[in-house]
Each structure stands twice: as structure tokens, then as C-alpha cells.
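Student: Each chain, written out:
Protein chains: 2
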Amino acid sequence: METIDRLSYDEQKLLVETLLRQDYAIELISSEINDIESGLKQVDEGFYHQLKLLYDRLRIK
Amino acid sequence: METIDRLSYDEQKLLVETLLRQDYAIELISSEINDIESGLKQVDEGFYHQLKLLYDRLRIK
Chain A
1 METIDRLSYD EQKLLVETLL RQDYAIELIS SEINDIESGL KQVDEGFYHQ
51 LKLLYDRLRI K
Chain B
1 METIDRLSYD EQKLLVETLL RQDYAIELIS SEINDIESGL KQVDEGFYHQ
51 LKLLYDRLRI K
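Sequence lines, in order, name chains A and B. Per this note's numbering, the first sequence starts with residue 1, numbered consecutively. Per this note's numbering, the second sequence starts with residue 1, numbered consecutively.
Treat each hint with caution, since some may be false.
Chain copies aren't distinguished; within one or between two, either way the pair holds.
Said to hold, decoys possible - Straight-line alpha carbon distances no greater than 25 Å define the calculated SDA-like cross-link-like pairs of lysine to any residue that follow:
(1) Lys41 <-> Arg21
(2) Lys52 <-> Ile36
(3) Lys13 <-> Glu37
(4) Lys13 <-> Ser38
(5) Lys41 <-> Asp10
(6) Lys13 <-> Phe47
(7) Lys41 <-> Leu53
(8) Lys13 <-> Gly39
(9) Lys52 <-> Tyr24
(10) Lys41 <-> Val16
(11) Lys52 <-> Ile4
Bear in mind the hints are in silico, worked out from the structure with no lab data behind them.
Produce the entire structure from the sequences given, and follow the hints as far as they go.
Tutor: Okay, here's the thing in C-alpha cells:
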């Protein structure tokens, strides 16, 4: 799996732009939240909290 | 559709991290390339070229 620090800033920006162009950001975040809430993935509380905040941000368009 | 400049740097980074955790980055980029090559989307040559470079980067893991 690629890690974020192997991607340049421009590459990271291009990924985010494409994610938004494909209108897939909210599905991606909700899928990650579901994986965590169903116990499929373990993350620290802070990461989970950030995901929830971002999900709410993306929902309010 | 959300725009990149309405997202903070941390929110953009969280989107990229989640994209990589979900191992969905390469599907996302190839989907965008397909939309462009099939004429579904018009983009400037530079954006298309960046997508192709990023696709090759993501393929070589």
C-alpha cells in the first residue's frame, strides 16, 4: 500500500481534486467509518473523531 | 460539489490517508482517466498528463 509521505504535495492535491471531481469523498469517508465501527479496522480515537468531523463537513455542501 | 480550497490542509491530508488506507487511489485515478479518454469529461492537456504520471506512480508500488 502506497504511503502518504511517498507522494509529493502536488500528487496529494491531484488525488483530492480527483476525489472531489468524482464526487466520491463522502462515500470514501463513510466507508472508512463503517470499517472502524464494525470492528474491521482499529484506529486511535483522534483519527476516528477527525473522520466524523470531516464526514459532517462534507455532508453540509 | 465540494471544492479543494474549502478544505483545510489537514482535511485534504485525511482524505488522501483514507484513500490510501482503502487502497482505492489507483481505481480513482484510472476512473478519471477513462472519463477523459471516453470524452465524458474535458480537461486541459496538463491535468490529463499529471493524471497519467500519477497513475504510473501508483502502479509501481
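Student: Indicate, hint by hint, whether the structure satisfies it.
Tutor: Now the hints, each set against the structure:
With identical chains, the CA atoms of Lys41 and Arg21 are at most 25 Å apart between copies only, with a shortest distance of 10 Å across copies and 27 Å within one. In the homo-oligomer, the alpha carbons of Lys52 and Ile36 lie at most 25 Å apart inside one protomer (11 Å), although the nearest pairing across protomers, at 32 Å, exceeds that limit. Proximity of Lys13 to Glu37 under the C-alpha cut-off of 25 Å is restricted to the inter-copy arrangement: shortest distance 21 Å between copies versus 28 Å within a copy. Taking the closest pair of Cα atoms, Lys13 and Ser38 come within 25 Å of each other only across two copies (24 Å); inside a single copy the shortest separation is 30 Å, beyond that limit.
In this homomeric assembly, Lys41 and Asp10 come within 25 Å of each other (Cα to Cα) only across copies, at 21 Å, whereas the closest approach inside a single copy is 29 Å. Taking the shortest Cα distances, Lys13 and Phe47 sit within 25 Å of each other both inside one copy (20 Å) and across copies (12 Å). Proximity of Lys41 and Leu53 under a CA criterion of 25 Å is satisfied intra-copy only: 18 Å inside one chain copy versus 31 Å between copies. In the homo-oligomer, the alpha carbons of Lys13 and Gly39 lie at most 25 Å apart only across protomers (23 Å), although the nearest pairing inside one protomer, at 30 Å, exceeds that limit.
Taking the shortest Cα distances, Lys52 and Tyr24 sit within 25 Å of each other both inside one copy (16 Å) and across copies (20 Å). In this homomeric assembly, Lys41 and Val16 come within 25 Å of each other (Cα to Cα) both inside a single copy, at 23 Å, and across copies, at 17 Å. Taking CA atoms no more than 25 Å apart as the test, Lys52 paired with Ile4 passes in both settings, with 20 Å inside one copy and 18 Å between copies.
The structure meets every hint from the earlier list without exception.
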